[in-house]
Amino acid sequence: MSNPRFGMVIDTRKCVGCMDCVVACQTENDVPQGFCRDWIATEVRGTFPALTMEIRSERCNHCDNPPCVSCCPTGASHVEEFGRVVHVTANRCIGCKACLAACPYGARYVHPEGYVDKCTFCMHRVKEGKDPACVSVCPTHCMVFGDLDDPKSRVSELLRTRKWHVNLPEAGTRPRVYYLT
Amino acid sequence: MEQLSRRRFLKITAGAFGAAAAATQVEPMLRAADAPKGTVVEIPTYCEMCFWRCGGIASVRDGKLWKFEGNPRDPQSRGRLCPRGTGAVGSHFDRDRLQKPLIRTGERGKEAWKAVTWDEAFTFIAERMSRIKAEHGPESIVMFNHGVGVRFLQHVLKSWGCTGFAGPSFAQCRGPRDVGFTLTYGMGLGSPEPTDIENTGCLTLIGSHLGENMHNSQVQEFAAAVERRIPIIVVDPRFSVAASKATHWLPIKPGTDLALILAWMHVIVAEGLYDRAFVEKHGHGFEKFALELKSSTPEWAAAETGIDAALIRTTAREMARHRPASLVHPGRRVNWNGDDAQRSRAIALLNALLGNWARKGGLFYSQGMKVAGFPLPKYPQSAKPAADNPNGERYPFADETVTTGLRETTLTGKPYPIKGWWVYSSNIVQALPNPAETLKAIQALDLLVVVDTLPSEIAGYADVVLPEAMFLERYDELLTGWGRQGWLSLRQPVVPPPGDQKPGWWMAKELAAKLGVPECMPFKDIEEYLAFRVEKSGLSWQELKKVGVIMGPKQPTTIEEGLEIEFPTPSGKVEFWSDQLAAKGFDPVPKYKAPPQAPDGFYRLVSGRAPVHTFSRTQTNPLLHDLMPENELWVNAATAAKLGVRGGQYVKLRNEDGVVSNRIRVKATQRIRPDTLYMVYGFGHENPMMKTAYRRGASAAQLNTRYVTDPLMGGTSIHGNFVTIVKEA
Amino acid sequence: MFEFTTTRHNPGVDPLLHVWGWEIPLYLFVGGVVAGMMVIAGVAMLRTAKGEDTRGFFSIQTPLLAFMLLNLGMLALLLDLAHPLYVWAVYLTFQVASPMSWGSWVLLIVYGILLVSALVRLHEAWPWLGRTFPVVERWSHAITSSPGRMSLLGWLNVLFGVGVGIYTGILLNTMVARPLWNTSVLPVLFLVSGLSAGAAAMHVATRFFGRRPAPQGMIGGFLSAFVQPLGPEPPARSTVDSLIRLDIVLLAIELVLIALLVLGLLTSTASHAEAAKLVLGGPYTTAFWGVIVVAGILVPIALQGLELSHRIPHTVLPALLVLAGGYVLRWVMVNAGQASEVVQAAVRQ
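Protein chains in written order, with my numbering: chain B, 3 to 183; chain F, 401 to 1129; chain U, 78 to 426.
A portion of the hints provided could be inaccurate.
[Unchecked claim] Taking lysine-lysine pairs in the BS3-like style, the calculated list, with each CA pair at most 30 Å apart, reads:
no., chain 1, residue 1, chain 2, residue 2
1, F, K945, B, K132
2, F, K946, B, K129
3, F, K464, B, K132
4, U, K354, F, K1042
5, B, K132, F, K946
[Claimed, not checked] The calculated label-pair distances, taken between Cβ atoms and stated as ranges, are:
no., chain 1, residue 1, chain 2, residue 2, range
6, B, D66, F, A515, 51 to 61 Å
7, B, E115, U, S319, 47 to 57 Å
8, U, L375, B, A92, 44 to 54 Å
9, U, I389, F, A1041, 53 to 63 Å
10, F, E699, B, P153, 24 to 34 Å
11, B, T49, F, G1001, 22 to 32 Å
12, F, G1001, U, L337, 51 to 61 Å
13, F, A703, B, D66, 52 to 62 Å
14, B, A92, F, R721, 56 to 66 Å
15, F, A1041, U, A347, 23 to 33 Å
16, U, A347, B, A92, 32 to 42 Å
17, F, D462, U, L185, 42 to 52 Å
18, B, D66, U, A347, 20 to 30 Å
19, F, S695, U, A347, 50 to 60 Å
Read the hints as simulated data drawn from the structure, not as lab findings.
Ideal Cβ positions, reconstructed from N, Cα and C, are used throughout, including at glycine.
Produce the entire structure from the sequences given, and follow the hints as far as they go.
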């Protein structure tokens, strides 16, 4: 079986921005108080009453071209073999924060203990056959997680059949979180 | 009080059952604490972060509460909790929690307390209660409550002779809706309302902001409906999340919804789009009803509501096109203007025209599950009239106790004095309209006991405060759920309370002893009670503790499934024309009255829900506080520019009675009508003991000084206040 | 109308990135000054190798000061780290794509070069050193007596000096996420700015000289090595003038580079143009034009030009202004750069 390349597909039409994904991640991953690994962004366009709104659950995009990995002087920020996810090895991180500056999405933060932290795609859950916490909790079922390199996976199917966009393609990072519109 | 409806909930009867006691089981939470390091123990229980009571599974890791997730067996959560449930662990760790029983030492509201033992607290309470009973009778002590934990306290008080028990959920929330439906169909909707969003072909939401209003299963079905791309019609002065997903958004002028509903019905009747078969078979007084609608044209409604007449026609035709699988959501917190029972009746009638009663995709019949009761002594009978609504004279069509009726009686002493209040898990200073009246009524009391988990505003005025364990720390009464299929759900403790907090059932047992009615709680502890009920019903107590949820038998909930329906109204049919309303001098068919206009420089203030908070009781939960530490004032961008206020700026609000709110941050947005202001309800806490939430955001409740009482059933309005913006932080 | 909201409020990240405060600008500035000093010292060493300039001002005092400043810079770097106890992790690996990894290893080399450079003629200015550790004197002599070795040391200083100067800019300019930095002008600008700051720093140092014979003790001798390397006479007028002429040229080049920087941003992507607004009307405008350009470049050019033509007396003021401007340049770039973001280029409907 080939190595998966994990990504997420999120249906913005269904997302209601309830922040369940935010707090589920916080409890699952013991995220320090006052910090979040994922968040809700909304964009409203138009003038009353002709309005449209897009709601997105955002997090680290585990990019295919991750600038946060290339800038890291110790290799703490690296691409994992399994799943091609971007992880930070805490006891190799010196806290130089170059990766925070390198990320166009602001996805990282400095953990109070000093190392840099962010979304891990809940690999500890994925390895047990579960979805990441945010995907598992979402009451609108708007989030799908899976192998982008498997044409039969749900994520691949959705990307074939629905219109989608990614965040800040201008940054050239090749993000792996896709938003269906 | 005449019996108007057949309530669709299971009454726990005191029957003559055998008294087999179940063996006491080992506390799951002790097992969790003893497990080897890194071990995770999962314990199912049902949530109490709101009243949906979703089934969940709590995880304890190394003896410490870790997370709370949905129970896949549970029909409400379907394995996924809402953000409040997911954040429930925060309530266990909440640093602002009440820790010990308190007795006040200074003036009411001055927050001078002494911590006491439970025994001292109950002695104090029993002594005061006995004095009141001796002088005025036990009916002179009433209770305000919200939540399942009150079950045994209520039972003890009833056994002792109390008769007045009211939840704000009637007069300050869904009461007008249920009365409106009862007047039409002969029965109310109950909770959760049986909306078949999952199968509907067209969904209409009037004020309901699903997605921000987090009725878990309804939000799940709503999202699925969005995915199915069915037409969705949203009526809301605000571009809510639901409105952003709607096919048609009608940005209605607040207070004019009844005009829109009448116009919709006008179109559906005039163009013959209604379910003729249903009307012919089940309708009473349809011709007279149709006649009443003649003047409610879309053009007339357009002038009142600000909605285009063409759009009114389009949406009326759209919803009719998909009948009977076309659902007009009856709403939940519908107490907006003071005429809300009639407006809800109009919604009931609209649904009737669509013929969706007991139909797939419409309003189904909730089914429950029979669970045996525990043999308990009968309650004493009282000769006195109901304190809130003596002989049904105040509110002829109220079929539950009216909180504000109890308050009024406390203030006036008529028909008899009320000298004691028990308040359970209900911050009535925020929940009841015009807080000044509540505070005045409190001054008339000889005893105010508040049972709460947090130092809420009402707790601040108590004589005795009893700290309750939060739901993850306690057993509670069994939940028998009503829905497409009934189910049984268990609440059991996951972790011990961090301080001297106790569960409601324990308090009840202690109280019963002190009040001299220990025989009303004839079981050693609640496990004996619960295990008895479960085993007596032919189910396994061990199994229930392990899985948390046991489904009941599948019964028909719609006509499609073979359900036979009847309408327990006076005519035995769906009352398009209500003789009983006419008999009491009310409009037999709802009539629209234009709302008052805002004075110059004033705006209508409306309020709603956020998905991460519940009323005024989650703002100190550290997880939920972090998600939303304060509410914002939604101001139309053009209005804001005109007033010279910017987004992010703090302002205060002043209403027509001169009440000034706490400062609130402005959200200048296109997403709201220029004449309307909006904020999430439940913020602006004034009890300094709620350190995390103290004076964060503003309180819509505080500004609700001008309210109208629904003459049919006592519901009190919440959206009737005009406010002006005061520019200074 | 466009409204954007986010629920994220992570410390240091929201509403704008701010994880680097004064430590990194100080490190970059010191790096630039050290770079400039290394080039100056290197050139002096090359001259020494050829037999010129045995006075030692540039070949003794300069590397000594540079070595001290390098330590200061590294301290600032260490203070910036959030996980400092793990700083050794940079030396477990070499990450070829990471400028900071390059910098960590180069720093090691530069440290060695400057240590040697500082020591090689120190005993001449600080006799106590030679008396106490004769090996130092012997070893120094082995280098200074060999034109080949001295030349090598000189070239190492020049090349690594230029490298350090450019590196401080590369550290920032590889980050696409920070459009204000994302320009190829930045490394050259930082190099030139560093060279001019190095010259200015040495100019300031020339103001400190003593007329009495140097103390012979340990501490007194060490301190005096900083200000009177070889005797009580001040550096020659021509030395100082050469510094001033060098500085004017470097400042002029710097001005051109700043113009290219701003123009380059304005003519690049939407994100770059947006970033330029931070210094064109945004919160960093006054610091950028008032302090960096006017006070830090234009005024020193004018003053120094007038000094050279003897129209105004010689003061240390222009040098101080150049140094201030140099630090503020790094401070503005580091802080404004964090505030710059990639923006949505195409507005979705």
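C-beta pair T49/B, G1001/F: status relative to the range 22 to 32 Å that was hinted
Once the Cβ atoms are compared, 23 Å apart, the range 22 to 32 Å for G1001/F and T49/B holds.
Assuming the hint says 51 to 61 Å, is it satisfied by the Cβ distance from D66/B to A515/F or not?
60 Å, holds
L185/U and D462/F - C-beta distance against the hinted 42 to 52 Å:
The hinted range 42 to 52 Å holds for D462/F and L185/U, with Cβ atoms some 43 Å apart.
Between K354/U and K1042/F, does the CA-CA distance stay at or below 30 Å?
28 Å, holds
Starting from the hint 53 to 63 Å, judge whether the C-beta atoms of I389/U and A1041/F obey it.
At roughly 55 Å between Cβ atoms, A1041/F and I389/U fall inside 53 to 63 Å, so the hint holds.
Measuring from beta carbon to beta carbon, are E699/F and P153/B in 24 to 34 Å?
56 Å, violated
Cβ distance range 50 to 60 Å for S695/F and A347/U, holds or violated
57 Å, holds
Keeping to a limit of 30 Å between CA atoms, is the pair of K132/B and K946/F held or broken?
21 Å, holds
Hinted pair K464/F and K132/B, Cα distance within 30 Å:
The given pair, whose Cα atoms are some 23 Å apart, holds under the 30 Å limit.
Does the Cβ-Cβ separation between D66/B and A347/U fall within 20 to 30 Å?
23 Å, holds
Whether the CB-CB distance between A347/U and A92/B falls inside 32 to 42 Å:
This hint holds: roughly 36 Å between Cβ atoms.
Does K132/B lie within 30 Å of K945/F when you go C-alpha to C-alpha?
24 Å, holds
Violated hint for the displayed structure: number 10, the only one.
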